[in-house]
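Trainee: Here's the letter readout for the chains.
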Amino acid sequence: MATRDDIEGYISRAALGDREAFGALYQATSAKLFGVALRILGSRAEAEEALQDVFIKVWRNADRYQSNGLSPMTWLITIARNHCIDRLRARKPEAAGGMDQIAAMPDAAPGPEALAVQSGERARIAACLDELEANKALAVRRVYLDGATYAELADYFAIPLNTMRTWLRRSLGKLRACLSR
Amino acid sequence: MSSGAPTDGPMHQAAEYVLGLMPQSEAAAFEERLVRDPDLRDEVAFWTHHFVTLTDDIAPVPVPRGVYDNITQQLFPPAPAVKEGGGLRRFFLGAATGLVALAGVALWIGPQSLPDATAVAEIASDDGAFVLAASFVEPTGNLTVTWDSGMAREDRVVELWLIAGEAAPVSLGVMAADGPTTVVVPAELRGQLAGAVLAISDEPPGGSPTGAPTGDVLATGAVQAL
Numbered sequence: 001m002a003t004r005d006d007i008e009g010y011i012s013r014a015a016l017g018d019r020e021a022f023g024a025l026y027q028a029t030s031a032k033l034f035g036v037a038l039r040i041l042g043s044r045a046e047a048e049e050a051l052q053d054v055f056i057k058v059w060r061n062a063d064r065y066q067s068n069g070l071s072p073m074t075w076l077i078t079i080a081r082n083h084c085i086d087r088l089r090a091r092k093p094e095a096a097g098g099m100d101q102i103a104a105m106p107d108a109a110p111g112p113e114a115l116a117v118q119s120g121e122r123a124r125i126a127a128c129l130d131e132l133e134a135n136k137a138l139a140v141r142r143v144y145l146d147g148a149t150y151a152e153l154a155d156y157f158a159i160p161l162n163t164m165r166t167w168l169r170r171s172l173g174k175l176r177a178c179l180s181r
Numbered sequence: 182m183s184s185g186a187p188t189d190g191p192m193h194q195a196a197e198y199v200l201g202l203m204p205q206s207e208a209a210a211f212e213e214r215l216v217r218d219p220d221l222r223d224e225v226a227f228w229t230h231h232f233v234t235l236t237d238d239i240a241p242v243p244v245p246r247g248v249y250d251n252i253t254q255q256l257f258p259p260a261p262a263v264k265e266g267g268g269l270r271r272f273f274l275g276a277a278t279g280l281v282a283l284a285g286v287a288l289w290i291g292p293q294s295l296p297d298a299t300a301v302a303e304i305a306s307d308d309g310a311f312v313l314a315a316s317f318v319e320p321t322g323n324l325t326v327t328w329d330s331g332m333a334r335e336d337r338v339v340e341l342w343l344i345a346g347e348a349a350p351v352s353l354g355v356m357a358a359d360g361p362t363t364v365v366v367p368a369e370l371r372g373q374l375a376g377a378v379l380a381i382s383d384e385p386p387g388g389s390p391t392g393a394p395t396g397d398v399l400a401t402g403a404v405q406a407l
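Read top to bottom, the protein sequences are chains H and E.
FYI, the numbering for the first sequence is 1 to 181, going by the numbering used here.
FYI, the numbering for the second sequence is 182 to 407, going by the numbering used here.
Chain H with its partners taken away, still in its complex shape (with noise of 0.2 angstroms):
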């Protein structure tokens, strides 16, 4: 299984050119990007095409990837979140679900395959997020993998998008907080 230090070494040879990198950075990441575009797209030819799209950017971008103390998949699963969410909020409006369609979407129960997490231990944003009320966090994880955005959260909680906005700051506030602890 490739490690942090191999993807960084495929990304920096990709950045000059080679192609045999850039097919070992697939064969190691793929996969992973694959069930991000798929977890926020639903549909698996979309998920196919944004993957290709991900996978193009990232050859496109490979120079201005840099180590600075952030793992290689922060900005490969970056890259291929948000493009997903422009891709998603690109459809029309009448083909998204909205919010209710989304809310009673579980959080993926993880399987096998995902115990094989890139942190040894709980996100430490998972944790700050129980901290906060299930509805605010529920905001929060909606807006990040849904694409929510403050209309459709303020429809959806039936509050006015002022309030809706100040909810949701306010719960950033206290993410802050809580991940600087």
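Hints are computed from structural coordinates only; laboratory data are not their basis.
Misleading hints may appear alongside valid ones.
Here are the computed distance ranges between Cβ atoms for each label pair [what the hints assert, rightly or not]:
1) H/ARG4 / E/LEU407: 25 to 33 angstroms
2) H/SER71 / E/PRO386: 39 to 47 angstroms
3) H/MET1 / E/ALA348: 52 to 60 angstroms
4) E/GLN254 / H/ARG181: 32 to 40 angstroms
5) E/ARG214 / H/THR166: 42 to 50 angstroms
6) E/PRO258 / H/GLU131: 34 to 42 angstroms
Derived list of chain H stretches under chain E, where covered just means 3 residues or more per stretch with a C-beta under 8 angstroms from a C-beta of chain E [claimed, not checked]:
7) 2–13
8) 18–26
9) 33–41
10) 53–63
11) 123–133
12) 161–173
Every residue, glycine too, gets a C-beta built ideally from N, C-alpha and C.
Keeping the supplied structure of chain H fixed, place chain E upon it in accordance with the hints.
Mentor: Relative to chain H, chain E alone:
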């Protein structure tokens, strides 16, 4: 119950930017600040690092075999270029939500410019379909432009232009289809870069035949001195 604590400081903005809640109209100004403010960049990196762990529980899923072939066909087409009937070139329509196109956000995790860059620009379309990053190094006059999102239309090329003040656009050449493009900015133009606008236009193969943009202007960006 109001705690009275502020909810619109840089920390909140950085989090909203990473999440994708910031309106596109604010994102441009925020990104200008990111260029100059390492603490703000650290804040963006902080939130990026933590939010990404929300994907820890997502299981890897094996990818069908054909996907890698599609990627390499797009990136490394055999010459002459294979044309796919269905169109592998997808124009990524920007969000109808009016929120920041996240394509550019992914790359603000760390320092964006080359270590010795003296000026930078983000060249982007409003809908996020085109995002490119430009770095200029004054001593060498090299301007390096990399693709982040978007590509040339089929059978067309993308040409890069410098627009200084009220002057007519000056061509800096045709962009490479893939990977970074480095051009040497003519000496007499280097002093005009800061505050100028970089733009890309859609042109026939070989670039504009007239010396001025002939096709659609695809994206623009202001150059900022560092």
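Trainee: Give a verdict on every hint.
Mentor: Status of each hint after checking the structure:
Remark: the range hint 25 to 33 angstroms for H/ARG4 to E/LEU407 is upheld by a beta-carbon distance near 30 angstroms. For the pair H/SER71 and E/PRO386, the supplied restraint of 39 to 47 angstroms holds, since their beta-carbon distance comes to about 41 angstroms. The hinted range of 52 to 60 angstroms is satisfied by H/MET1 and E/ALA348, whose Cβ atoms lie roughly 56 angstroms apart. At about 49 angstroms, the CB distance of E/GLN254 to H/ARG181 disagrees with the hint of 32 to 40 angstroms.
Between E/ARG214 and H/THR166 the beta carbon distance is about 23 angstroms. The supplied range of 42 to 50 angstroms is therefore violated. Distance hint for E/PRO258 and H/GLU131: a CB-CB separation of about 51 angstroms, inconsistent with the stated range 34 to 42 angstroms. Counting residues of the region 2–13 of chain H whose beta-carbon sits less than 8 angstroms from any beta-carbon of chain E gives 0, not enough to reach three: the coverage restraint is violated. Only residues whose beta carbon comes within less than 8 angstroms of a beta carbon in chain E count, and the region 18–26 of chain H has 3; three or more means the coverage holds.
With 5 residues bearing a CB less than 8 angstroms from a CB of chain E, the region 33–41 of chain H meets the requirement of three and the coverage assertion stands. Three residues within the 8 angstroms Cβ limit are the bar, and the region 53–63 of chain H against chain E gives 8, so the coverage statement holds. Counting residues of the region 123–133 of chain H whose beta carbon lies closer than 8 angstroms to any beta carbon of chain E gives 4, which meets the minimum of three for the stated coverage. Restraint check on the region 161–173 of chain H versus chain E: 7 residues with Cβ-Cβ distances below 8 angstroms, three needed, restraint holds.
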